[in-house]
Amino acid sequence: MKITGKHLLVLVGMCGLIASGVGLVTNVAGIFFDPVATELGVGKGQISLTLTICNVCFALGGMLAPRLMKAGSPKPLLIAATAALAGSTAGLSIAHGIGLIYALCVVRGFAAGVIGMVFATSVLNNWFHEGIGLVTSIAFGCSGIAGAVFSPVLSGVIASAGWRVGYLTIAAITVVLNLPAILFLPSVTPEGCGMRALGDTGEAKVQTSDVAQETAAGPINAALFGLVLAYAVICSGITGLPQHFPGMAESFGVGAVGATMLSFCMIANTAGKVVLGALVDKLGARVSILAYCVLILVSLFLLLFVHSGTALVVAAALFGLCYSLATVGISLTTREVFGLANYTRVYPTFSLGGNVANAAFSSIIGFMYDFSGGYALTLYVMAAMTLATGALIVAAFSKRA
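As numbered in this note's numbering, residues -5 to 395 make up the sequence shown, in order.
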C-alpha cells in the first residue's frame, strides 16, 4: 500500500492531533506531579486528580465529536479546539491554587477530546479503506512518540526553569502539532472535497451524520457490547500506572531512572501499537492481545520483585504495551466485532469508558500510594486487571463466533 498526496497529509494531520491531544495531555503528565505538589503543598493524589479530570473531559469531548463533524471544512472546529487546548495549558503556568488548576483541566481535557481519538479515527476510517489497521496504528503510535520525545525534554525544562515554563512549552508544541490538521484536512470525508478513500471499492462509506449511521448500521448485540466495553474499561484502567513511574522509581530508591522508565515506556507505547497491528493481520486480535497480556504480566513481576535500575527500565518498556491494548486493540476489535458501519455508534462509548477508567486509576493509584505508602498493592491490582483483560477478549471473540 502506498500513501501519497492528500491522503498522506490527512494521515499526518491525524497523527499530530493524537500526539497533542493524548501524548501531551496524558503521556507526559506524570513528570509534573511531584514538582507541582511540592510547590503548592498538596498531596500527590490531589495533583494526579488533574489527569483524572482531563481524561474524563476528554472522553466527554469525544462523545460530542461525531455531532460536530459536519460536512465541509473542519477548520473552524480545529482552530477553536486548538486555541482552547493551548490556552488552557498556558493558563496552568500562572495558576497558584488547586481549584484553578482543576478548572483549566476541564477545558483542556474537553478541547483535546473534541479533536482527539474519536475525531481522528473517524476521519481515518473515512479516508482509508485499504490499510486502515496500519494507518490507525501509526496515528495512535504518535501519542507514544510524543511521550518518548517530550518527556526528557520537558523534564529538562522543569529542572532548569520550573514546571510553569514546562506548561508554556507544552502549549507552544500543541499549536505546532495541530497545524497540519488545520492546514491540510479539507473535509472529514474525501467525498466532501471531490476525492475518494484510499482503496475505495465502491462499498458503503462510514458517515458522520446521525441519520446515515442509523440507516447503514445493523443491530448491536448487547452481550457482546458489554464484553467489549468491559475490556475497554479494564485495559484502559491499566494505562493509569505509567505516569507514576517517576514516583515509583523514587520509592524504590532509584529516582534517577524515573524519567528513563517513562521514556522507554512511551517508546514501547509507539512500537507496540505498530507491532500489534501487524500481529493482528497475521494471527488475529485474540491471540495477539493475549500475547501482549502475558508480556505485561512479566513486567509487573519485575516491578514487584526486581528493583535494579536496568530491570525497572525493562519492566517499564514491557508495560508500555498496555497502551496498544487500550488504543489499537479497542479500535480494531470494535471494527472486527461490530463492523465498519457500526463503528461510530459504539466506539465513542468504548472510548468514553476507557478514558473514564484511565482517569479514575490515574488518581486512584495516587491515593492508594498516599494510603499505603507504596506501590505493591497497586501492582497486584494491575496484575489482576491484566488477567481480566485476557479473559474478556477471549469471551468477546467466543461470543462473536
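These are calculated hints, taken from the structure and not from any lab test. On a predicted model such as this, the values are computed, not experimentally measured, just so you know. There could be a bad hint or two in this list.
Stated by the list, open to error - Within a straight-line C-alpha distance of at most 25 Å, the following computed BS3-like cross-link-like pairs (lysine-lysine) qualify:
no., residue 1, residue 2
1, -4, 64
2, -4, 276
3, 393, 276
4, 38, -4
* Hints violated by the structure (listed by number, smallest first) -> 1 and 4
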